[in-house]
Amino acid sequence: MSFEQTLNRGYCHRIQKTRRRRRELRAAQDNFGQRPKDNFGQRPKDNFVKQKILILAIATATTTLSCKATDNQSCQDTCSVGQVCDTSLGICVDEPRDGFEGDIPGRSVQLATANGKVFVAMVDPVGRRVVAGELTPESSTLHELGVSSSAQSKVVIRVSNTRVYVAWLATNGAYRFASREFATPNANWAIEEIELPDNTYEGSEEFDFVVGEEVGVYVAFQTRDRRLSLLSRDNATNAFRLEQVDDGSPSSNGIACPDSLRSTEAPAGIGVNPSIALNQAGIAIAYQDADCGDLRLARRAVDGFSVDVVDTGSLDGEPIPGRRGRVGKYASARYEPDSGRLFIAYLDETRARVMLAITNDSGGYDLEVVDRGDTLDSFARQRKDLVGSFITLSFGPRDEPSISHMNTTKTTIRFSQRPSGGGLWFHQTIADEGVVGFSASHVYADQIGLVSAAERLVPAEGGFASELEVIWP
Amino acid sequence: MTRKLFIIAAVLVLSACEQVAVNTASTPAPIQSQEQALRVLVPAEGLASLYDQAQPNGLPLAGAVEVVAQSGDIEVRLGPLNQNLVINERSAVSVANTVETDNIADNATIFVPVRIIDGIDSKICRFELRTPRLSVSAMSMVTEDEKGERFTVPDLPVVALLNATVSPIGDCEVPTLDFGAETPTFEDSLRAYVSRSLAESAQTAFETNPSEILGLMTRRIRLDHLSAYPNRTSSLRLEGSVQDFKVDEAGLEVQLAIGSDIDTAECAPPIALGGVVAGQTAAIEPDLVSEFGADFAMAVSATVIDRLGKSLALGGYACSGLEDVRRPSENEELVASSDLLLDEIMLSDVPLGPWAQVVATPGSLPDVTTRPQSGQLQLDWEDLTLDVYGTVLGTRVKILELTTSASANLRPAQGPSGVVRFDLESIELASATLESEWLTEQPAQSAVDQWARRVLLLVLADQFVFPLPVEPGTPLQVTGTQVRTDDIVLYLRFQ
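First to last, the protein sequences are chains A and B. Be aware that the first sequence starts at 4, since it is given in our numbering, and climbs by one per residue. Be aware that the second sequence starts at 74, since it is given in our numbering, and climbs by one per residue.
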């Protein structure tokens, strides 16, 4: 394989790979109608209009376990999801993962970091493959972990002290997660399916996933009946259990969703865009009540969960009489490292702005506007950009709250940051060329700094193709 | 009333669904007025309709309790009266500063309580007065005082009860007493009581304020433009004042001056509004009022329309779109993506969801002029920007930005109650430019022009519906319109 590296404006490093052989192969596939289409009904592109925005894969054909068995032995038990029978040993082992080859897609991309490494997970809309691995400014090592339920599926990537985890909704309606040690080069991905003893849950794309100490695993998700539930196990040896978190009942802080809004013909329900924050204090889940357009927060209580309505969208009073505001989409919840306060960044759809809610000492929430999306155009008119899609909240090296999101008016990645403890928000557009910003995500990596990623849509034959945009410091 | 929803006189708001809060303006700052902004004509035959509006449930008949006979401990009392008398026929004739009205009620029945007191005993029963024809003739005079210009009735109206009969309802025997020389019998006394009460009631009822009935703006108000987006909010102060109020053989004519003052919204281009130009309205032909089946007519000066159009553009009323975030079944801003025909401008490959939204932002202030030959208003607007948003990967994304100068011909038309609708009959564009991050190939200018004209027609076709320049709630319907050189005349009928 040959590689070439391009630099974009000094901070955006992208990698390009020669693809002649692949093009030839694809042309042949197209001719025979074999190559799959993505969710837009398009085949992946072969020719890019903007060469400099190419993000190309390093296809790292990875580990395939060599099998030199001399005497074939069958495994006694049926191997579980993600495992195959090693007939040389007669035991189930982790199924070797195919290295991902091709243009790196950016659908639903998320980043995670540990030990100065940057990990990535995304979906390839062509073939709905879940792809994950490690990124460096110069290269990437990616593997196919499975098949997602749709071309627009969500994936979640998290890290523990030793392992990196990737979760997604499989085609059978169950959640799966893959993990591997990140300190060991070429370590295998182990895949596990979240199962209940009575097999009584059906997942949805509205979910979030975290890992805690002792491999505790938590999946908050919207059930098919549009309520918020939690799948969890405290440690690797325990079985998963399912509990209901929020069924839309009046909140603990006394704010209710009127029946007139809840009882529509097609209720959107509770638990949209859930985001889990985990620390010693316990688990907290922020999410949208899509019926009422509220941001809600569920926290573990003695007997189940205590649910608050954090924001109804009516911070400044009702802007339009008789119409309730709409907030809470793209919620991203994190505990501030030092103070332990819970921060929730979310979209105020009514005003198209980014908001931040912070728990305060009186048991309530302080709300602040992060980004109004105001801009001055060439006619000296103050225009309103739609900002706040695909929000990711994290804390910088000095605990400064940092939020990446998409400006969908300009199709750019926006990054907002303010000092820890308060102050003015500083805004920066970190990618502004072409159509970019979907699934915007970022991490602060040790020894590297701020790394951002998003999905870029680029013209392709018969439509637009998904590519990964990574911005290195 | 602290919140009174008044007009916007012939406002050029791009959306009739704009959210406006109307308040009484408290600022003492002077507002420059445009004189002869509005001229209202209520022809003589239409004056009667003013009283119909003032008395929608009929003539309120009230009468206090009166003792009509007394002898020793025995006393006969009539009243009180409290009923509405349905007027079947009303006519009016106007002369200088005077309106004479005849009001007829056919087959009227008036119920009169009767109380007969005998010492400590008291009996109550009811009588009814029936008449095949009851008439009340009143003469109203134009009066100007601290309440403004209005009609008063200096003399008691004349009441006639034709062949009125009086009979008890149920068993009721009235003692024979002396009811006086003028009304020797109980029946005569009851007829006289009803007549007197009717005249006094009519005198009160016919004292009216025509400006109020017509919903004309005669004070200073403030219109606050409400929006979820702070850059679209503004405050417009309007002040109306009666310049001339006269009654003659042609009927009632009122002329008003209107002043306006605007705090510019940040989404509007920072352009000065310019000095005030006096309005001009021509006399309204009374015959056309009846020809259009209207009760009255209102001429609105073209210069006033133009200035209010500019004021409202500065006030952010022309900045619209993206404020409705409700679901598609409830959302009033959505248009079908397929209706946009994006393939004509090389954008067919954009992976759009089924719905799109259009955002309008003015880059200049509109010019409104009349085209009396064709009966149209011409709206010229330079640098009008339209942004088209669609749903991509679950979020609203701007697909394109169109900037163009537009010249639209609008024809005023009949509309539902309370509004005047302008049909967008044609639109011409100039200098249309299209920008999009999604374009892989620039479409031909002719394709852009054609597409822009079509999308403007699609987006704007139903947007030119404006509140009538009267107090909302006034039950009026436009029955006809007339575009003249200096004004536009709305022919209006009470509903």
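Just so you know, the hints here were simulated from the structure itself, not pulled from any lab data. Just so we're clear, the structure is a prediction, and the values are computed from it rather than from any experiment. Treat each hint with caution, since some may be false.
Pulled a few chain B residues facing chain A out of the computed Cβ check, cut under 10 angstroms [to be verified]:
{"#": "1", "residue": "N304"}
{"#": "2", "residue": "D334"}
{"#": "3", "residue": "T513"}
{"#": "4", "residue": "P516"}
By construction, the Cβ of each residue, glycine as well, lies at the ideal position given by its N, Cα and C atoms.
For this session: Mind checking the CB of N304(B) against every CB in chain A and telling me if the closest is under 10 angstroms?
Result: Status holds, d = 4 angstroms.
Exercise. With 10 angstroms as the cut and Cβ atoms as the points, is T513(B) at the interface with chain A?
Worked result: T513(B) check passes; min Cβ-Cβ to chain A is 4 angstroms, inside 10 angstroms.
Problem set entry | Restraint satisfaction for D334(B) [CB to CB of chain A, less than 10 angstroms] | Check failed: Cβ of D334(B) comes no nearer than 21 angstroms to chain A, outside 10 angstroms.
For this session: Identify whether the interface hint at P516(B) stands, where standing means a beta carbon of chain A within less than 10 angstroms of its own.
Result: violated, 15 angstroms
Violated hints for the displayed structure, listed by number in ascending order: 2, 4.
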